[in-house]
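Chemist: Sequence:
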Amino acid sequence: MSESPEEVRAMSTYEERRWADLQQHWAKKAKRRQLLPPKARAALGEAGDQVKDAARKAGKAVSNVTPAVIKDGIERLTDAALIPVVQGAVHLLELVTDWTTELVDPEKVLEHHRAAGRDVAKLEDLKELDLKHLDDFTRTMALKWRTSGALQGGAMGVLAMVPFAGGLAAITLDMVAMHVLSTAVATRVCYAYGFDVTDDEMRHLVDRMVMRACRNQAPKAETARKAGAAFNTAKDRVRWSQKLRDDHKLMAAVEKLMKQFANGRAVPVDKVTKAMPVVAVFAGAGTNAYVLGDVVHQARLYAQTLYLAEKYGLPLPENLRHQGDGE
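Counting in my numbering, the sequence shown runs from 4 upward without gaps.
No wet-lab data here; the hints were simulated from the structure. Wrong hints could be hidden among the right ones.
Unchecked claim - Derived Cβ-Cβ restraints for the label pairs, each shown as a range:
#, residue 1, residue 2, range
1, Thr236, Glu313, 28 to 36 Å
2, Pro320, Thr143, 23 to 31 Å
3, Thr236, Lys259, 46 to 54 Å
4, Lys262, Gln27, 41 to 49 Å
5, Glu105, Arg242, 17 to 25 Å
6, Val241, Glu110, 27 to 35 Å
Beta carbons: idealized from backbone N, C-alpha and C, even for Gly.
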């Protein structure tokens with residue numbers, strides 16, 4: 004028997020408030036996007052298509068593929084003080100694998116709701132719950148993953164300073180780890196709202212979030228690369244040279260900054276060299292913290308909107324009707 008209009012379920016007060024907030028959010032985002040020049044909008048679309056292809060190829064583990072590059076480097080290190088740095092990076096990458104395995108397990112979400120006394124057997128059952136209960140599960144995720152991102156990014160920043168085992172290998176590892184973590188975190192958020200991202204039709208939820216993450220990482224990688232190159236070039240220097248400043252402009256910029264704090268006095272090259280790992284750590288920790296927190300935040304907004312639209316037969320905002328729109 005079909006439901007009469009009086010029997011059609013209505014939104015809770017919490018859901019009504021969230022739906023109104025979400026409509027405002029997407030309207031503002033669409034307005035900002037329209038302010039971009041046409042060429043800029045087209046470029047974003049092309050970049051998004053490229054990143055989506057890469058996102059679909061993301062693996063679920065990092066340690067099986069990448070740490071060997073670092074482990075091999077340990078045998079080539081001559082400075083015993085650096086070995087713990089490399090070993091710590093290996094352990095962190097193995098932790099990334101553990102994080103990812105836990106995040107992509109939908110059963111963890113269901114266990115949370117069962118522990119709260121809710122009768123759920125599969126992800127689809129979550130769509131019968133009030134949005135408030137689903138939001139409770141994801142409410143602290145952004146803070147948690149900002150902290151985890153800072154830890155991972157800082158470790159990779161230190162590793163970028165290590166000869167043989169660091170440098171480009173460390174930056175590559177960091178990008179791979181962040182790609183996998185972004186995919187896994189976005190997957191967890193989607194599961195939290197009852198969406199099974201293994202379904203081909205739903206993969207765009209994760210694609211959308213990973214596209215954002217990838218776009219935000221390029222400046223960090225370049226900074227870490229330059230900091231590592233400068234550190235390894237200047238670590239045995241006792242004097243400045245114009246060539247050193249010209250070849251490593253990041254060092255020259257840090258030198259100028261340190262001079263300001265030294266009231267214009269000359270800053271020894273070794274002091275600036277020692278600052279390079281700090282630059283790499285801050286670049287890695289700050290960017291990764293922001294990226295993972297942003298993935299959670301944006302994924303929640305997107306999943307909440309889809310959840311309410313499907314549950315109550317409401318139209319999606321215009322800028323969510325196009326799967327290729329990465330903003």
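Chemist: All the hints need checking, so say for each whether the structure fits it.
Modeler: Hints versus structure:
1. Thr236 <-> Glu313: 28 to 36 Å: violated, 56 Å
2. Pro320 <-> Thr143: 23 to 31 Å: Since Pro320 and Thr143 have Cβ atoms about 26 Å apart, the given range 23 to 31 Å holds.
3. Thr236 <-> Lys259: 46 to 54 Å: violated, 18 Å
4. Lys262 <-> Gln27: 41 to 49 Å: Given range 41 to 49 Å: holds, Cβ gap about 47 Å.
5. Glu105 <-> Arg242: 17 to 25 Å: For Arg242 against Glu105, whose Cβ atoms are near 51 Å apart, the range 17 to 25 Å is violated.
6. Val241 <-> Glu110: 27 to 35 Å: 59 Å Cβ-Cβ, so the 27 to 35 Å window is violated.
Going down the numbered hints, you'll see the structure goes against 1, 3, 5, 6, while the others check out.
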